[in-house]
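**Student:** The lines below spell out each chain.
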Amino acid sequence: MKVKMISRNPDNYVRETKLQQHKMPRNYDPSLHPLEGPREYVRALNATKLDRVFAKPFVCNLSGHRDGVSCFGKHPKQLSTLATGAYDGEVRIWDLANRISSRNFVAHDGFVRGIAYTQNGGRIFTVGDDKTIKVWKAEAPEVGEDEVPVNTILSKFGLHGISHNRRDNKFATCGEVCAIWDERHNDPLKTLKWGVDTLHTISYNPVETSILACCASDRSIILYDQREAQPLRKVVLTMKSNKLAWNPMEAFNFTVANEDCNLYTFDTRKLQTPLKVHFDHVSAVTDVDYSPTGKEFVSASYDKTIRIYNAHHSHSRDIYHTKRMQHVVCVAWSLDNRYVFSGSDEMNVRMWKANASEKLGVIRPRERVNFNYQEALKQKYAAHPQIKRIARHRQVPRHVLNAQKKMRTVKEKEQVKEANVRKHTKKSKKVPYVSEKKKHVLKEEV
Amino acid sequence: MSDDEEHYEPKAHKKLLQAIGSLGKVQHIQKSTRDERQSLQDEFQLVKGVSSAETDHAPRAVGLNDLVDILRTSTKHSQTGKKLKNIHGSKKVLQKPLEKPAADRIKRTIGYEGVTKKLGRWDAVVAQQRSAETQIFPLPSETVYVNTAANARPLNTRVKSNLAQELEANNRKLRELRKAQIGDTTDEKELAKQERLLLQKKLTRDELFARRKELAYLKMRESQKSAKARMQNKIKSKKFHKLQKRQKMLEQMKEFELLQKTDPEAALEKLNALEKSRVQERASLRHKNTGTWAKNLQIRAKYDKDVRKDLAEQLAVSRELTQKKQVSDSEDETTKKRVLPEEEDNDYDPFNPWTKRKATEQTENGNGESEGSNWRQYWTKRNKNEKLLEEHRRDLEGVQDNDEQEEKETIRKPLIEVKPAKKKLKKSKVKIENGWEVEDICPTDQKEAKASPNSKAIDDIFEKHEDHIRAKLNKKMEKLRERINKLKEVPVKGKKAKKKDVLQNLKSLALKKTKQQIEIDEPLNYEEDKNSQNNIPAHVEGNTESTEIPAVDTIDPNKVTTLVFTQKKGNSGGFNDALIDDEAAEYDEEDAAAERQLTISQAFEDDDIVADFNRDKSKDSELKNTELQLALPGWGSWAGAGISKEVMERRNKRLLLKLAAPEKRRDENKDNLYLNESASKQARQHMVSSIPFPFRSLADYEASIRAPVGRNFVPETAFRMLTRPAVITRKGQVIEPMTESELVKPDRRLRHIVDRRIKRIPKVPPKAKIA
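Heads up: the protein sequence lines correspond to chains D and W, in order.
So the first sequence is numbered by full-length UniProt numbering: it starts at 1 and just counts up by one.
So the second sequence is numbered by full-length UniProt numbering: it starts at 1 and just counts up by one.
The set of hints was computed from the structure by calculation and includes no laboratory data.
Don't take each hint at face value.
Said to hold, decoys possible - Listed below are the simulated DSS-like cross-link pairs for lysine-lysine, each with C-alpha atoms no more than 25 Å apart in a straight line: (1) D:Lys4 to D:Lys18; (2) D:Lys131 to D:Lys240; (3) D:Lys295 to D:Lys426; (4) W:Lys234 to W:Lys248; (5) W:Lys228 to D:Lys359; (6) W:Lys117 to D:Lys234; (7) W:Lys745 to W:Lys117; (8) W:Lys248 to D:Lys234; (9) W:Lys100 to W:Lys83; (10) D:Lys353 to W:Lys731; (11) W:Lys107 to W:Lys117; (12) D:Lys295 to W:Lys731; (13) W:Lys228 to W:Lys245; (14) W:Lys117 to D:Lys443; (15) D:Lys295 to W:Lys213; (16) D:Lys170 to W:Lys118; (17) W:Lys118 to D:Lys295; (18) W:Lys118 to D:Lys443; (19) D:Lys323 to D:Lys56; (20) D:Lys77 to W:Lys731; (21) W:Lys228 to D:Lys270; (22) D:Lys378 to W:Lys117; (23) W:Lys248 to D:Lys193; (24) D:Lys295 to W:Lys82; (25) W:Lys219 to W:Lys242; (26) D:Lys437 to W:Lys107; (27) D:Lys426 to D:Lys443; (28) D:Lys378 to W:Lys515; (29) W:Lys248 to D:Lys388; (30) W:Lys228 to W:Lys242; (31) W:Lys248 to W:Lys213; (32) D:Lys170 to W:Lys213; (33) W:Lys245 to D:Lys49; (34) W:Lys117 to D:Lys295; (35) D:Lys190 to W:Lys107; (36) W:Lys745 to D:Lys234; (37) W:Lys82 to W:Lys92; (38) W:Lys213 to W:Lys234.
The structure presented is a predicted model; accordingly, all values stated were derived computationally and were not measured.
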């Protein structure tokens with residue numbers, strides 16, 4: 001009898017030592033892989049699905065405040081430290097690695113309006129409704145010692161916000177006026193005034209450190225230079241801007257969170273039109289913070305959600321919400337580009353992953369390679385309808401859904417009306433088409 | 001009243017007045033003293049000093065007049081006083097300063113301009129960051145390289161030999177001596193210089209003479225020696241050389257013996273070296289055919305075949321022996337070549353290691369040579385052909401130029417001349433690759449050769465050809481003209497834009513991304529799929545009222561897969577298809593369009609497409625309209641013949657399978673419409689309906705989709721390159737904002753191997769965007 005067997009030369013597949021990698025003979029000849037396109041498509045589809053399966057962005061909840069959280073202060077050097085201020089004047093320092101509040105003290109009567117670390121992270125500046133600036137040590141006091149501020153500065157003006165210069169020991173406060181302070185003096189070096197309105201937020205440019213910007217209650221954004229005796233420029237929008245964040249990698253770009261549910265990204269050199277209008281929120285946007293890479297930013301809103309935007313896109317990449325999260329007041333992006341913090345009215349600070357489906361913990365090289373491959377595939381097939389549908393599908397709270405519908409109807413109605421007006425006016429009196437970008441900027445004041 | 005007047009006491013009244021008058025002079029509030037730097041003065045702290053004007057003895061402010069008066073008193077200064085007075089009279093009154101708001105506005109604009117300029121510095125960095133394929137955060141900081149080796153002192157641990165120690169001691173002494181003589185410096189050059197100076201100083205006249213003499217003597221000696229060496233080299237006497245060699249050997253032996261006694265290690269080395277040199281000398285075998293035996297053999301070889309064979313064998317053996325150690329020697333190589341064919345004659349033993357090696361080497365050599373020669377041949381041929389072609393072209397152009405010289409502008413000439421040349425070159429190349437010699441087109445010769453059978457036809461052909469070329473030329477020239485016009489226009493536009501747009505700089509700096517990535521900027525979809533799907537078509541309908549979506553935009557996965565095959569023929573590169581800019585796309589679009597149209601019409605010249613489609617339609621319906629007879633012959637007719645036909649018919653009827661009535665085709669009543677019903681509806685929802693954002697052409701997008709990225713389809717290195725993420729961050733590291741050092745930083749040295757590979761890929765030249 002003839003027995004046919006498949007025989008293989010063991011030299012071809014047995015490794016010489018245990019430590020060797022298994023040989024994987026491959027032939028890359030495209031004619032041998034006629035279905036490479038479809039196979040990759042399926043892989044991309046699966047990767048997208050898995051991405052949604054693993055999208056669990058919520059990391060933890062930091063509870064301890066006894067009133068709504070009002071502001072955040074990021075430590076410039078330590079990733080595991082976050083300072084938060086509350087409506088009752090309490091400041092808490094959080095140990096994020098252990099998810100506990102490592103220190104808490106009552107800093108002000110009334111709201112804590114702003115917290116800022118010095119450039120080396122050694123001191124904390126807090127401003128409150130009691131018109132004082134208090135300086136605290138960043139380290140907790142010894143056992144038995146009281147929490148005493150290192151210095152208390154009584155300001156002549158009301159204070160609404162504080163920002164510290166990233167390069168030198170100057171900081172700026174806003175309120176009735178914009179004041180530039182030196183750490184070593186109890187009086188401001190300079191007060192910059194333009195009109196009498198309240199300035200409710202202030203932010204130093206992290207790159208070009210002498211430039212700073214304020215948002216005022218007369219719906220304007222004002223630019224300052226700490227070396228000049230006068231403010232630089234003012235741009236007035238249709239509604240009030242709540243917060244302002246500079247892009248840490250693009251010195252001239254900043255984004256403001258506006259009361260009209262949108263965010264606007266401006267180029268400092270061209271303030272007449274924003275570079276981008278970021279839609280999608282359904283209620284006033286309360287806070288915005290850039291990722292340290294400058295590619296994305298996170299925004300908090302009164303509609304109880306936070307959204308993550310690509311800095312050059314007008315629609316959000318992701319939306320985070322939980323049932324118990326109320327109006328989100330402040331938001332921050334961690335300096336290692338991995339986490340997002342949100343503080344809300346209901347006294348909680350929440351920690352989220354910046355990338356919803358990212359794996360936490362150790363990632364082995366092979367895993368890393370696989371993730372990279374999946375990412376590349378998702379990117380490659382992003383425009384395919386099924387993949388796009390799955391990747392961009394989100395569950396949102398009902399009120400957001402309803403509000404969205406309502407907003408859409410309103411917008412459509414307006415469009416229809418505009419079209420009708422255009423249709424029924426004489427051709428000689430042309431109704432101009434105004435781009436969405438230009439609609440929101442009223443004027444630029446010199 | 002009068003009483004009151006009477007009561008008036010002048011003294012008391014005066015006192016009262018005095019008291020009232022002195023009221024204001026008393027300083028009740030102390031002037032504030034500043035203990036801290038302040039830019040703002042508190043208005044409550046600003047205390048008005050007691051006016052000193054009222055008190056006469058208080059010092060008055062000094063005016064110019066006072067100065068002049070003083071100067072007048074002395075004759076010495078009278079002139080100066082006059083001058084001062086004149087100046088005082090003729091001075092211009094300064095203009096009133098601007099109103100505060102206006103002045104502030106000016107200040108603001110100036111400040112803003114300064115800031116704008118300052119921010120403009122970041123344009124290049126930002127543009128570069130945006131276009132970077134991979135960004136790594138935290139931004140790699142500048143590295144300052146310090147040459148620590150310069151400061152490092154060599155460790156003094158080495159054991160020194162007696163000689164070295166002695167040398168060092170000597171050196172030290174010398175240095176000390178020098179120091180004592182010259183001064184306390186450590187710099188060697190300086191020392192030498194000083195020494196020289198010292199020496200020069202000391203030289204007297206006699207000494208100078210003596211020195212010159214010495215130098216002359218030295219020079220003479222040198223020339224003598226060199227002459228001698230030259231002479232010696234020329235000596236042909238073998239005996240002399242032999243003797244010399246022996247002498248050298250003897251000398252060396254002596255040296256060796258001496259060394260053996262003093263330093264055995266060195267002696268051993270010397271011995272080795274001697275041995276080696278001897279072996280080399282032997283191995284080179286320069287005298288292999290200079291021996292008497294060989295000489296004799298050579299003489300005999302002319303007449304005797306066997307002798308020749310022997311000689312060849314001897315040579316071969318010698319070569320075998322020397323082969324390994326031999327450094328390539330041109331002489332030997334030539335001899336080798338000469339011998340080779342003879343060796344082939346010898347019987348070849350596969351198991352003999354000598355012959356075996358010989359054989360393999362020979363084949364290798366043969367291949368290399370043949371390749372090399374082929375290659376050279378190829379190039380010489382090609383060059384020759386090219387030359388001939390050029391000549392031919394020149395001839396052709398000469399004809400054309402005569403026709404069109406009036407039209408042509410001097411600038412365009414070279415451009416035009418080059419283009420047709422290229423095309424022809426390609427054609428010629430193809431011919432050569434086949435391995436056949438190409439007979440060059442020589443128009444005059446051909447004409448003469450073929451003139452006799454049908455010269456008219458050929459003339460026609462040539463005319464046609466010329467016309468064709470002329471038409472093409474005209475077309476090209478028009479295009480060129482357009483292009484030039486555009487080029488002229490563009491700078492004007494740019495100027496205008498500059499004035500308008502502040503961000504122009506950033507835009508112009510923006511680099512083209514080598515790897516285009518799809519950007520999807522759409523709202524997230526919250527509703528259930530049904531709703532969203534319902535929504536989209538409605539939206540589309542609104543749009544499509546005016547413009548229909550071109551059918552070309554749909555991408556069929558089947559098509560994509562089939563395309564893989566077709567593309568494979570072109571280039572097997574596969575994965576980097578997307579990167580490679582196919583040159584075919586370079587030629588003008590108009591031409592391409594025209595050609596395409598032509599080919600389509602040509603392809604369907606004979607076919608009646610409409611009829612074909614109709615046939616297809618009817619075929620489909622026919623298939624569905626048939627009846628199937630399931631009865632088999634003989635089946636059921638067990639009883640044999642003679643059974644009534646009725647029964648048979650009834651049975652047959654029962655076994656007749658009638659298929660369902662044919663479905664109506666959707667395009668049944670539409671003559672000119674053919675709906676492909678076999679196309680899968682399931683596949684449709686996976687297909688892309690429009691080209692996604694950053695892509696401009698379907699071809700680009702298809703290419704990007706077609707290039708696989710997986711490890712199964714591309715090599716590992718390519719896989720790593722293709723899947724490198726756009727942003728890389730490190731865990732647990734703070735990403736600092738950009739700093740000013742970024743502005744002056746040189747290009748980062750790429751450390752990661754994948755980055756380096758990516759950099760090495762030749763950048764795709766951006767397509768010239770004309771049209």
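**Student:** Hint by hint, say whether it matches the structure.
**Tutor:** Hint by hint, here is what the structure shows:
no., hint, in the structure
1, D:Lys4 to D:Lys18, "violated (32 Å)"
2, D:Lys131 to D:Lys240, "holds (23 Å)"
3, D:Lys295 to D:Lys426, "violated (46 Å)"
4, W:Lys234 to W:Lys248, "holds (18 Å)"
5, W:Lys228 to D:Lys359, "violated (85 Å)"
6, W:Lys117 to D:Lys234, "holds (18 Å)"
7, W:Lys745 to W:Lys117, "holds (20 Å)"
8, W:Lys248 to D:Lys234, "violated (97 Å)"
9, W:Lys100 to W:Lys83, "violated (37 Å)"
10, D:Lys353 to W:Lys731, "holds (13 Å)"
11, W:Lys107 to W:Lys117, "holds (16 Å)"
12, D:Lys295 to W:Lys731, "holds (17 Å)"
13, W:Lys228 to W:Lys245, "holds (17 Å)"
14, W:Lys117 to D:Lys443, "holds (22 Å)"
15, D:Lys295 to W:Lys213, "violated (83 Å)"
16, D:Lys170 to W:Lys118, "holds (20 Å)"
17, W:Lys118 to D:Lys295, "holds (22 Å)"
18, W:Lys118 to D:Lys443, "holds (24 Å)"
19, D:Lys323 to D:Lys56, "holds (14 Å)"
20, D:Lys77 to W:Lys731, "holds (14 Å)"
21, W:Lys228 to D:Lys270, "violated (87 Å)"
22, D:Lys378 to W:Lys117, "violated (40 Å)"
23, W:Lys248 to D:Lys193, "violated (101 Å)"
24, D:Lys295 to W:Lys82, "violated (73 Å)"
25, W:Lys219 to W:Lys242, "violated (31 Å)"
26, D:Lys437 to W:Lys107, "violated (29 Å)"
27, D:Lys426 to D:Lys443, "violated (28 Å)"
28, D:Lys378 to W:Lys515, "holds (15 Å)"
29, W:Lys248 to D:Lys388, "violated (89 Å)"
30, W:Lys228 to W:Lys242, "holds (18 Å)"
31, W:Lys248 to W:Lys213, "violated (34 Å)"
32, D:Lys170 to W:Lys213, "violated (81 Å)"
33, W:Lys245 to D:Lys49, "violated (88 Å)"
34, W:Lys117 to D:Lys295, "holds (24 Å)"
35, D:Lys190 to W:Lys107, "holds (16 Å)"
36, W:Lys745 to D:Lys234, "violated (34 Å)"
37, W:Lys82 to W:Lys92, "holds (18 Å)"
38, W:Lys213 to W:Lys234, "violated (32 Å)"
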